[in-house]
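Let the hints inform the model, and build the full structure from the sequences given.
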Amino acid sequence: MNRLFLIMVFLGVPAVLVGSIIHLSDIPIFILSCLTIIALASFIGRATESLAIVSGPRVGGLLNATFGNAVELIISIFTLKAGLIGIVLASLTGSVLGNLLLVLGVSFFAGGLKYKTQRFGLHDVKYNSGLLIFAVIVAFIIPEIFSQTMDDSATLTLSIGVSIILITLYVAGLFFKLVTHRGVFASGDTTNEEEELPEWSKKKSILILLLSTVAVAFVSEQLVHTFETLGEKFGWTELFIGVIIVAIVGNAAEHFSAITMAMKNRMDVAVEIAVGSTLQVAMFVAPILVLISLFMPESMPLVFTIPELVAMVTATLLVINLSNDGESNWFEGLTLLAAYLIIGIGFFLL
Amino acid sequence: MNRLFLIMVFLGVPAVLVGSIIHLSDIPIFILSCLTIIALASFIGRATESLAIVSGPRVGGLLNATFGNAVELIISIFTLKAGLIGIVLASLTGSVLGNLLLVLGVSFFAGGLKYKTQRFGLHDVKYNSGLLIFAVIVAFIIPEIFSQTMDDSATLTLSIGVSIILITLYVAGLFFKLVTHRGVFASGDTTNEEEELPEWSKKKSILILLLSTVAVAFVSEQLVHTFETLGEKFGWTELFIGVIIVAIVGNAAEHFSAITMAMKNRMDVAVEIAVGSTLQVAMFVAPILVLISLFMPESMPLVFTIPELVAMVTATLLVINLSNDGESNWFEGLTLLAAYLIIGIGFFLL
Amino acid sequence: MNRLFLIMVFLGVPAVLVGSIIHLSDIPIFILSCLTIIALASFIGRATESLAIVSGPRVGGLLNATFGNAVELIISIFTLKAGLIGIVLASLTGSVLGNLLLVLGVSFFAGGLKYKTQRFGLHDVKYNSGLLIFAVIVAFIIPEIFSQTMDDSATLTLSIGVSIILITLYVAGLFFKLVTHRGVFASGDTTNEEEELPEWSKKKSILILLLSTVAVAFVSEQLVHTFETLGEKFGWTELFIGVIIVAIVGNAAEHFSAITMAMKNRMDVAVEIAVGSTLQVAMFVAPILVLISLFMPESMPLVFTIPELVAMVTATLLVINLSNDGESNWFEGLTLLAAYLIIGIGFFLL
Chain A
1 MNRLFLIMVF
11 LGVPAVLVGS
21 IIHLSDIPIF
31 ILSCLTIIAL
41 ASFIGRATES
51 LAIVSGPRVG
61 GLLNATFGNA
71 VELIISIFTL
81 KAGLIGIVLA
91 SLTGSVLGNL
101 LLVLGVSFFA
111 GGLKYKTQRF
121 GLHDVKYNSG
131 LLIFAVIVAF
141 IIPEIFSQTM
151 DDSATLTLSI
161 GVSIILITLY
171 VAGLFFKLVT
181 HRGVFASGDT
191 TNEEEELPEW
201 SKKKSILILL
211 LSTVAVAFVS
221 EQLVHTFETL
231 GEKFGWTELF
241 IGVIIVAIVG
251 NAAEHFSAIT
261 MAMKNRMDVA
271 VEIAVGSTLQ
281 VAMFVAPILV
291 LISLFMPESM
301 PLVFTIPELV
311 AMVTATLLVI
321 NLSNDGESNW
331 FEGLTLLAAY
341 LIIGIGFFLL
Chain B
1 MNRLFLIMVF
11 LGVPAVLVGS
21 IIHLSDIPIF
31 ILSCLTIIAL
41 ASFIGRATES
51 LAIVSGPRVG
61 GLLNATFGNA
71 VELIISIFTL
81 KAGLIGIVLA
91 SLTGSVLGNL
101 LLVLGVSFFA
111 GGLKYKTQRF
121 GLHDVKYNSG
131 LLIFAVIVAF
141 IIPEIFSQTM
151 DDSATLTLSI
161 GVSIILITLY
171 VAGLFFKLVT
181 HRGVFASGDT
191 TNEEEELPEW
201 SKKKSILILL
211 LSTVAVAFVS
221 EQLVHTFETL
231 GEKFGWTELF
241 IGVIIVAIVG
251 NAAEHFSAIT
261 MAMKNRMDVA
271 VEIAVGSTLQ
281 VAMFVAPILV
291 LISLFMPESM
301 PLVFTIPELV
311 AMVTATLLVI
321 NLSNDGESNW
331 FEGLTLLAAY
341 LIIGIGFFLL
Chain C
1 MNRLFLIMVF
11 LGVPAVLVGS
21 IIHLSDIPIF
31 ILSCLTIIAL
41 ASFIGRATES
51 LAIVSGPRVG
61 GLLNATFGNA
71 VELIISIFTL
81 KAGLIGIVLA
91 SLTGSVLGNL
101 LLVLGVSFFA
111 GGLKYKTQRF
121 GLHDVKYNSG
131 LLIFAVIVAF
141 IIPEIFSQTM
151 DDSATLTLSI
161 GVSIILITLY
171 VAGLFFKLVT
181 HRGVFASGDT
191 TNEEEELPEW
201 SKKKSILILL
211 LSTVAVAFVS
221 EQLVHTFETL
231 GEKFGWTELF
241 IGVIIVAIVG
251 NAAEHFSAIT
261 MAMKNRMDVA
271 VEIAVGSTLQ
281 VAMFVAPILV
291 LISLFMPESM
301 PLVFTIPELV
311 AMVTATLLVI
321 NLSNDGESNW
331 FEGLTLLAAY
341 LIIGIGFFLL
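Protein chains in written order, with UniProt numbering: chain A, 1 to 350; chain B, 1 to 350; chain C, 1 to 350.
Treat the hints with care, since some could be wrong.
You can't tell identical chains apart in this list, so a pair holds if it fits in one copy or across any two.
Stated by the list, open to error - Restricting the straight-line Cα-Cα distance to at most 35 Å, the calculated cross-link-like pairs of lysine-lysine (DSBU-like) are:
id: 1; residue 1: LYS233; residue 2: LYS177
id: 2; residue 1: LYS126; residue 2: LYS264
id: 3; residue 1: LYS202; residue 2: LYS264
id: 4; residue 1: LYS204; residue 2: LYS264
id: 5; residue 1: LYS203; residue 2: LYS177
id: 6; residue 1: LYS116; residue 2: LYS81
id: 7; residue 1: LYS114; residue 2: LYS202
id: 8; residue 1: LYS264; residue 2: LYS203
id: 9; residue 1: LYS203; residue 2: LYS233
Derived from the structure by calculation, the hints contain no laboratory data.
Structure (structure tokens):
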């Protein structure tokens, strides 16, 4: 399997490069890019895993989420530059939904097929669920509702204020977790780590992580350019492409690492990847994009469409409810996947 | 008391039969039907209780919910056939509200007057609350919100998709509870079951259960025909009749059994009846009706009115919050009843 | 500090009195009143603390909330009399938001800077969160949503019904806590109470409490009269004044006492003040005002604006999520304050 992914990377990246130069038609580029990203994601997953073994589950999880979302941030900046604000907001929504429902759902499900009940730290759950409610239910809903009786300038001011508050709280949260309350979060799957050896050395892991991230960023950009054609060919709306397609491909890295961890019964790391990545998108990537958009021709307010917001809010409530006992099983995973499917059909038909 | 119910059944059922043949006016039929159903409900309750003692609390609870909702399913199919989609959706809403707020509320309250604090299994609570959020908050809200910017055909497609997903997850949930994670749910009120003896034999219980269910179905149908007249006479809207009247009478069986169990301090069974019945309505009866309606002159989308949806969502959040510690007392029961009263007044005035 | 407050009270109260007689301009009266109320609040805080040491945390908390809200009730009746229904509803909203997010947030934050993790009784949390959901999510949302398809008369009838149910349940809750389930709530911060001595005798505390409350009521009334001018001068909307300014100044007493308690690690009392006060506003002050308004020229329905309602609902969900483990730390406090800031900016820009 790993050998196959290696071949896919060494064939896929040059192929996409050549394809983009010779202006290959969009459908083969789309398929090539998807496959290459999935292969690259496996490398990112393995490199992160090696690093995680060396650095402990928390830093490993953070690394993962960071490398997954660096890609998204880069793609979004290009999209913003092209003035496609709707697609940026849709892909942020898709990231939140994809991580909360799809990545966590597959992790719970796949892990649950192997282990009857899997456990993860309650302190992390508590921290994560508080911030999920804060970000999705307070910081996303308030601008949405209040903007309905505001003019555009006030809406933008509110968006900027909310963005700065989100970033500040996100940074304060890191300080809380890594400095003032470090010991509290240190527990978890100690039983599993005993004799596990990293696949690659620290140095090699970091190198592979960096190279793969750059390659993913390049391939992803080619992928984005095929979306318009795809919409026309298959009758997909921009909303569906942003929320579903970008989310699945753009979160392939988190996806791969989270499931790998879940199947090794290191559910702490899997949850940290899925929810940590969600929080990073909601509390860091989204507000940063609002602030960056101020220097672009068209500014982006932090105002989602009603279906986007409702999907994120219901997904958040479901995830918090299912995870708040620090246990998971295959049926909880299936419930999350069912929710993702319902929301996916909804966006497809919209 | 049991003797009185016996007399009511043996007088009531023939009386309703005769009344429907000689076209008795609607008000006496309404009163007769209600009384007969309540009496029949007591038999269903006692038969289920006997079976529950023989088969354990879980299967007993499932039996109860099934027999209560078989009646509802039959009534709804007749109503669908008459093209009264609004009343079907309203009575589904009423079933959810009636079970969550009224049945659970009276159980908590009546049981709480006798016992200071009553306990029920946390694993059941967790399973139930996850599915309640999934069904009411994801599967009911998404079609509602998304349908507002969709045409009728897309709305129906979405409704069909959501319905199939709901039924699939419901069946997967039974598989989870009864097969893969059977042991997890087996605990509970073992202390109370010690030497309890069933009132009737297994055979006799099943016979009474079947006969009573058939009788309830017949009487309920007569009851439904009186609703139009009642609306005119008393100024009740169809929404109020569906949400409140159908809910109270249609859930008389669950009502009776749940309270009986609560007062015997078998709160596990009482909660299983109330919430299990809610889940069966939301995840099985409602989607089955959507699918059945496809073969009828007018199809029914899974789109409630906004007041119906808001009432179900707020009720769900309240019940999950009150039950998530696995404990109940009279004040929690009163809180649920107060919520039911507020929603009831709302529908009455609408 | 206490000496400074003493001077402020003995200078401030007469100054406001003289100012109101000689018709001093509104800006100095506004500043004078605010300072005086803050100073008076410190006396109320110290008197309540003395009483709390004598009477135990629960009665102390109740005393506090009562004396804080007596002031609000008096101001609101004056405002109702002037027909300013919008400001009354806004200040009720502000009280809920101020107590839940600001008072609780500062308590968690300030207490958390001194103590790594602070604990409070889970039985109280459970009781409070159940009633918060009942009051804000059921009793406030239902009239809001249902009134959108109702005429004014039905809306008022619904408001009256909801108000009577709220008050009844509030009184039943006191009966539950103080009579039938008294022992359950009696635990808590027993470790801290050991040898603590009250600052003032019981008699002196009660006298100071009464005098300060009367003074606060008088000064607050003067303060209210300056609001119109302030709105004009600074471009503040009535909504912003009601929700933010009235909330901060009007809850200064709870504020001061709660923080004092939090910094003494008596988090049980701090939470009881903040959440108890919220519940008293939502379940007692608000419905009493609806009933009182029936005897005034213009009746007040229990229908908030959509932004007011959404702010209260999201704040409630956040607080319940953060407090349901019975633990707090500085970061949870900061999260609550960040939510308050977002909502504050929203109302400022509205």
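- Item | Hint numbers not upheld by this structure, sorted from lowest to highest | Of the numbered hints given earlier, those the structure breaks are 1, 6, 9, listed in rising order.
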